[in-house]
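Residue numbers (our numbering), protein chains in the order written: chain Y, 175 to 238; chain V, 1282 to 1728.
Please note: incorrect hints may appear among the correct ones.
What the hints assert, rightly or not - SDA-like, lysine to any residue: derived pairs with alpha carbons at most 20 angstroms apart:
hint : chain 1 : residue 1 : chain 2 : residue 2
1    : V       : K1604     : V       : Y1298
2    : Y       : K199      : V       : H1724
3    : Y       : K199      : V       : P1293
4    : Y       : K199      : V       : M1290
5    : Y       : K199      : V       : N1296
6    : V       : K1471     : V       : D1424
7    : Y       : K199      : V       : M1282
8    : Y       : K199      : V       : E1297
9    : Y       : K199      : V       : L1284
10   : Y       : K199      : V       : R1421
11   : V       : K1306     : V       : Q1316
12   : V       : K1306     : V       : D1347
13   : Y       : K199      : V       : Y1298
14   : V       : K1306     : V       : D1574
15   : V       : K1306     : V       : Q1367
16   : V       : K1306     : V       : D1357
17   : V       : K1344     : V       : R1313
As the list claims (entries may be wrong) - Partial selection, computed: residues in chain Y whose CB lies under 10 angstroms from chain V:
hint : residue
18   : K199
19   : F212
20   : C217
21   : Q219
Simulated from the structure, these hints should not be mistaken for laboratory data.
For every residue, glycine included, the Cβ atom is placed at its ideal position computed from N, Cα and C.
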Amino acid sequence: MEEPLRQSLIQKLTAMRELGEEVRKTAALPCIESHMRFVDVNCAQALWQLGALDYQEYELDYNC
Amino acid sequence: MQLYSQRSMESPYWNEYLETMPREKLDALHLRRIQRLIKYAYEHIPMYRDLYDKANVKPEDIKSLDDFIEKIPAIDKPDVVRYQGQQPPFGDSIVKDCEDYCSFYFQTSGTTGTPLKEIGYYRDMVTNGWVFNWWAHGIRPRDVIFLAFPFGTFMAFWSAYHSATALGAQIISSGGATTEQRVKQILEMKPTVLLSTPTYALRIAEVAREMGVDASATSIRIVSSAGEPGYVLPTIRESVERAWGARAIDLYGLSDLWGCDAWHCPVHLDRLHLTETVAHGMVLDEDGRPVPDGGQGEWVLTNFVNLMPLIKYRTHDVVEWHKEPCDCGRTWIWLRHGVLGRTDQMVTIKGTNVYPTAIQSIIGGSEGLSENLEIHIHAEEGGSAVTVRVEADPAVAGGRYEELQTKLANDLRYRIGVAMKVEVLPPRSLPRYEMKAKRVFDHRKDN
């Protein structure tokens, strides 16, 4: 896979995670947090399939 | 590690934004969704184009909810089954050329006739009401949900499975296990929530007792049920809560409508809230006119799904609906005592309309009788007649059956106002069910 595409996806995932953080801090809507979690899981899984390395680290360390 | 933010964990709402939205705003949202849905259905689902052309109505004619009620024709299960039958399996009842998006197939249980075939996209599955119900009643990701369900083509608990995933709870699916094996699994795995039909929750407790296990001493703290008239009726709720030493919470769903459902209010146990994120509900009288707030009539639903939406679908369930905000803080429509009966199972005896659920409720509160019963409806000159067959409680001596029979017949006559034939039977005389129990046998069309 082309590196620029992977980098672009990583940036998007990072932005999406920041959005997820914002939702957790401000909304207090479990349903939104649940759906954001699945977006995150799917994006992270997509990156894993593109050779990214942070998927498992994220799964183990993500604690906010 | 915690899956949700602390504020979410403490929230009594799965989605406070929509669950507490003022009625005016909620109705405006429904109108926007209905307008989009009707346009989408008219353009992509041949059944609706056919129905609406025959009714001489176009999507752009729907400018208000009143237009929706007055101009859009209601549909019934036989209508959809007929469209499906013209070109099986789904015919013109689903979105054209949607094969790539078909994720799940189910069919209705066939309790009231030919099963309806249902096809849905993944999104249709993850947006139902189970999770709203569970969150409202304090179920959180640390709970362990035990699914006592055979996982066939009946949708009911499949949607619960996906809701448990959405919530983040641990799931134990006891697929093909026997009841005895399920009791052993509950003892071994210590789930905190049991999911089954009300009848089967009682059956598991009965088998546990035969195995020398006290169900009320197990790890189960909540019994969450659907599929039959359930815990919104006090007598059924109390028998399950007694058997399991747990809180019993109810969910009324229609698999026809992709699990579009109403569920147990955490404050008023005689109320069910419609999940207004997935459906629009209204109550109509026999002539299709809207019944005012607080009145009783037929529950007519529209579900917001992708492949096979059902628009103004007649459920034949009779409900009493209320639109005023509930003390739990929700603005979602609530139904008092859930489903009061079915329009197609109403029995008129000497001018009095009787629903089998009313009979079931009285039997549930009768000393010495079990919850295993059958209600047989027969045609009789001048109306209908009802025979009630009910098993005695195992602790009751055979010599008391006649006394219980007379007492129940008197109770039914006094509380419902008409005479019914009653037979009290020894325990285990009637069949047991793992899914929906068949309680009502309508013989009026047999001849």
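Sort out which numbered hints this structure fails and list those numbers smallest first.
The structure breaks hints 2, 15, 16, 20 and 21; every other hint is satisfied.
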